[in-house]
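S.K.: Letter by letter, the chains look like this.
Number of protein chains: 2
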Amino acid sequence: MQAEIITIGDEILIGQVVDTNSAFISKALNKIGVSVYQITSVQDDKAHILKSLKEAEENADIIIVTGGLGPTKDDITKTTIAEYFDDTLVQDDAVLKYIESLWKKYIKQPLSQVNIDQALVPSKATVLMNLFGSAPGMWLEKEDKVFISLPGVPYEMKALINDEVLPRLQEQFELPFILHKTLLVYGIGESKLAERIEDWENNLPHFIKLAYLPNLGMVRLRLSAKGTNEELVINEMNKQVALLLPQIEKEFVGFEEDGALEVLIGKRLTSLGKTLATAESCTGGKIAERVTANSGASVYFNGSVVSYATQAKIDVLHIDEGIIKKHSVVSTQVAEAMAKSVQKIFKTDYAIATTGNAGPTKGDADAEVGTVCIAIATPNGVFSEIFSLGNHRTKVINKAVNKAFEMLQKEIFKN
Amino acid sequence: MQAEIITIGDEILIGQVVDTNSAFISKALNKIGVSVYQITSVQDDKAHILKSLKEAEENADIIIVTGGLGPTKDDITKTTIAEYFDDTLVQDDAVLKYIESLWKKYIKQPLSQVNIDQALVPSKATVLMNLFGSAPGMWLEKEDKVFISLPGVPYEMKALINDEVLPRLQEQFELPFILHKTLLVYGIGESKLAERIEDWENNLPHFIKLAYLPNLGMVRLRLSAKGTNEELVINEMNKQVALLLPQIEKEFVGFEEDGALEVLIGKRLTSLGKTLATAESCTGGKIAERVTANSGASVYFNGSVVSYATQAKIDVLHIDEGIIKKHSVVSTQVAEAMAKSVQKIFKTDYAIATTGNAGPTKGDADAEVGTVCIAIATPNGVFSEIFSLGNHRTKVINKAVNKAFEMLQKEIFKN
Numbered sequence: 233m234q235a236e237i238i239t240i241g242d243e244i245l246i247g248q249v250v251d252t253n254s255a256f257i258s259k260a261l262n263k264i265g266v267s268v269y270q271i272t273s274v275q276d277d278k279a280h281i282l283k284s285l286k287e288a289e290e291n292a293d294i295i296i297v298t299g300g301l302g303p304t305k306d307d308i309t310k311t312t313i314a315e316y317f318d319d320t321l322v323q324d325d326a327v328l329k330y331i332e333s334l335w336k337k338y339i340k341q342p343l344s345q346v347n348i349d350q351a352l353v354p355s356k357a358t359v360l361m362n363l364f365g366s367a368p369g370m371w372l373e374k375e376d377k378v379f380i381s382l383p384g385v386p387y388e389m390k391a392l393i394n395d396e397v398l399p400r401l402q403e404q405f406e407l408p409f410i411l412h413k414t415l416l417v418y419g420i421g422e423s424k425l426a427e428r429i430e431d432w433e434n435n436l437p438h439f440i441k442l443a444y445l446p447n448l449g450m451v452r453l454r455l456s457a458k459g460t461n462e463e464l465v466i467n468e469m470n471k472q473v474a475l476l477l478p479q480i481e482k483e484f485v486g487f488e489e490d491g492a493l494e495v496l497i498g499k500r501l502t503s504l505g506k507t508l509a510t511a512e513s514c515t516g517g518k519i520a521e522r523v524t525a526n527s528g529a530s531v532y533f534n535g536s537v538v539s540y541a542t543q544a545k546i547d548v549l550h551i552d553e554g555i556i557k558k559h560s561v562v563s564t565q566v567a568e569a570m571a572k573s574v575q576k577i578f579k580t581d582y583a584i585a586t587t588g589n590a591g592p593t594k595g596d597a598d599a600e601v602g603t604v605c606i607a608i609a610t611p612n613g614v615f616s617e618i619f620s621l622g623n624h625r626t627k628v629i630n631k632a633v634n635k636a637f638e639m640l641q642k643e644i645f646k647n
Numbered sequence: 233m234q235a236e237i238i239t240i241g242d243e244i245l246i247g248q249v250v251d252t253n254s255a256f257i258s259k260a261l262n263k264i265g266v267s268v269y270q271i272t273s274v275q276d277d278k279a280h281i282l283k284s285l286k287e288a289e290e291n292a293d294i295i296i297v298t299g300g301l302g303p304t305k306d307d308i309t310k311t312t313i314a315e316y317f318d319d320t321l322v323q324d325d326a327v328l329k330y331i332e333s334l335w336k337k338y339i340k341q342p343l344s345q346v347n348i349d350q351a352l353v354p355s356k357a358t359v360l361m362n363l364f365g366s367a368p369g370m371w372l373e374k375e376d377k378v379f380i381s382l383p384g385v386p387y388e389m390k391a392l393i394n395d396e397v398l399p400r401l402q403e404q405f406e407l408p409f410i411l412h413k414t415l416l417v418y419g420i421g422e423s424k425l426a427e428r429i430e431d432w433e434n435n436l437p438h439f440i441k442l443a444y445l446p447n448l449g450m451v452r453l454r455l456s457a458k459g460t461n462e463e464l465v466i467n468e469m470n471k472q473v474a475l476l477l478p479q480i481e482k483e484f485v486g487f488e489e490d491g492a493l494e495v496l497i498g499k500r501l502t503s504l505g506k507t508l509a510t511a512e513s514c515t516g517g518k519i520a521e522r523v524t525a526n527s528g529a530s531v532y533f534n535g536s537v538v539s540y541a542t543q544a545k546i547d548v549l550h551i552d553e554g555i556i557k558k559h560s561v562v563s564t565q566v567a568e569a570m571a572k573s574v575q576k577i578f579k580t581d582y583a584i585a586t587t588g589n590a591g592p593t594k595g596d597a598d599a600e601v602g603t604v605c606i607a608i609a610t611p612n613g614v615f616s617e618i619f620s621l622g623n624h625r626t627k628v629i630n631k632a633v634n635k636a637f638e639m640l641q642k643e644i645f646k647n
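As you go down the protein sequences, you meet chains A and B in turn. Per our numbering, the first sequence starts with residue 233, numbered consecutively. Per our numbering, the second sequence starts with residue 233, numbered consecutively.
Everything labelled a hint here was simulated from the structure, so no lab data went into it.
Repeated chains share a single entry, so a pair holds when one copy, or any two copies, can fit it.
Computed cross-link-like contacts, PhoX-like style, restricted to lysine-lysine with a CA-CA straight-line distance of at most 25 Å: (1) K377 x K283; (2) K278 x K441; (3) K305 x K458; (4) K576 x K499; (5) K283 x K356; (6) K413 x K471; (7) K336 x K424; (8) K424 x K441; (9) K627 x K340; (10) K337 x K627.
Source: prediction; values computed, not measured.
The following block holds chain A by itself, in its conformation from the complex (with noise of 0.2 Å):
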């Protein structure tokens, strides 16, 4: 069973916007056993569209459209698709109903003509109804091939997806089974790591697929598994897998799927009624970001200081200024120094300390752009280490994360 994505929108083809949807969508479809064979973005166009779902339906058995479909001129996907099933487009009750609802309770003022058509939908069309937002889903059929039409939000787009898509399809179709299982793989390069493990990469059955996947100071090594048989399909992946992990043992951290490397870091620290803190300059708050974004981070994250100009550092941790004339601001002495002040204020078990430059100018420190000092306090001490991460600031950032976060995950796992 197979998937074409089709995300429609000047504003991806001019590049203002990323396309993050086809990536959740994909991933959703996955999970349910159906393949995407192709993603493609076009622009908000009518012909464009049109020769996008025909081409779309030679090659998949199900169309999902996001986009276009807001209250405003330049929103075309609803007309176009009635257009290409021959349809005309009909006021649906329950959405009209539902808009009403939303209107009368959040915006507080009458529904104008524009709100109104959002109601509107092709004859043919089973609605899908978007309790976020104004414009529902729509879901067609001809005869073989499933097209469904979603909103362009995120946060509406996901939620009809997992909701509405996934059961209808489950429901629809015999999937088979798909299995991904991809380990993170932290201070080996991609072609070394490919050498130490081509034998067994050679001997992998053929409906197992690998893939290398480096990113700032990690490799995520996925492994693909599909199959009808899907006890056979979980059995060989375990094997699979249990034959690699002692030829990585050193380097491997986790398994994607139960989490970024943050996440596994906070169920370690729950299990362990373990706290954290960081103390951040270079990285500028964003280790802290990465923590909180996920739910039930309060259990074991007590806060931070970005103490971003040297004068924090001083003021609000309390640094020796003696420490950071000596060594520099940047220097894995006032790293370590900034990590057991912090794990103090803030009364946690851990902490984690960054100070680096980021570039592209060096700003209050001597050190080199790309330079960064990480520090981790533990309840028995504290321990530090310098890296040299580049000279593009977005990457230092971003690597410089990875790596304290890779620091803790040795520390809290070893135990």
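Once you've looked at the hints, dock chain B against the given chain A.
M.R.: Showing chain B alone in chain A's frame:
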């Protein structure tokens, strides 16, 4: 002049990686007057890549392919492009020499055969030197069409686009002039806005297109103009913007082309010689992270306290426990106390504070999920607002960050 972007990689089609490369390339091409007709993401599969190259050749003048150039077995773009051009791979000595120098400097290990093979390129290709990695870019021509293959690693791709691809395209083609102006509009819904500016919109000249891009409490209003006469395009754009601005005077906060809201705030604070700190609870450091993602932030941003746990508000921000008990931790009173405290701690002119409940569970707070209080401390006092930002964690956090920037922006631009 039309381009098509093809991104190659199973990781995109299973939703493991969000394709951010396409947005970057689209934006870059638009700036030099090349429109992107379509973005197509395809699997690491020879037949599929060949099919997409053929289709792109029919639609577009310039075909840019990213991904699939790594050293491992799943990377097949290079051999597939060679096949498409009926060509063979030959060793490029300059590339091999550069790879050797990279390995000597950073990897400090001998080159393996897969590393050496990175220097193989189709004999018909012009090499685009990749200074940040081992996979070279490639430029091929077929009749009047240009095919460009780039590595998928974002910072390697970006450098090649800026340093090699754009200058070569500008030299080879006569390109039209494209101008985008995007107005950031806060505090009015999409359909309401459309109604208000309908007359103006209906009278836009045919070469200026308008799009509404609503997103978490703001609408971006994008005007796109295209023509061969640069002066005419600029003049008409300025004229239309001048006609529009009085109609959205209260809601307009700036042009996106001048930077995101935090960039506009940073520029303003820098020019005023004023400083900023943040005290973040439910936003978890995201305000600080968005501020410090921009180089030059150290001029005006002193730091932040992420007081995630209630106890941290008492211990670190010295918030009076009585206020918390009386008004609850999610209250405008606590937000104002946090803002004043962090302003004092970091000795800044302005401070932002957030306290709220991002959900999905209630955490430390009694407040309903989605309730967020935001306070701004200024040199003259403090003010605050309470918001109800929905029931989706990521949405609540991001809306709160946007609201905080909006409140600060209105404050510092009103003088």
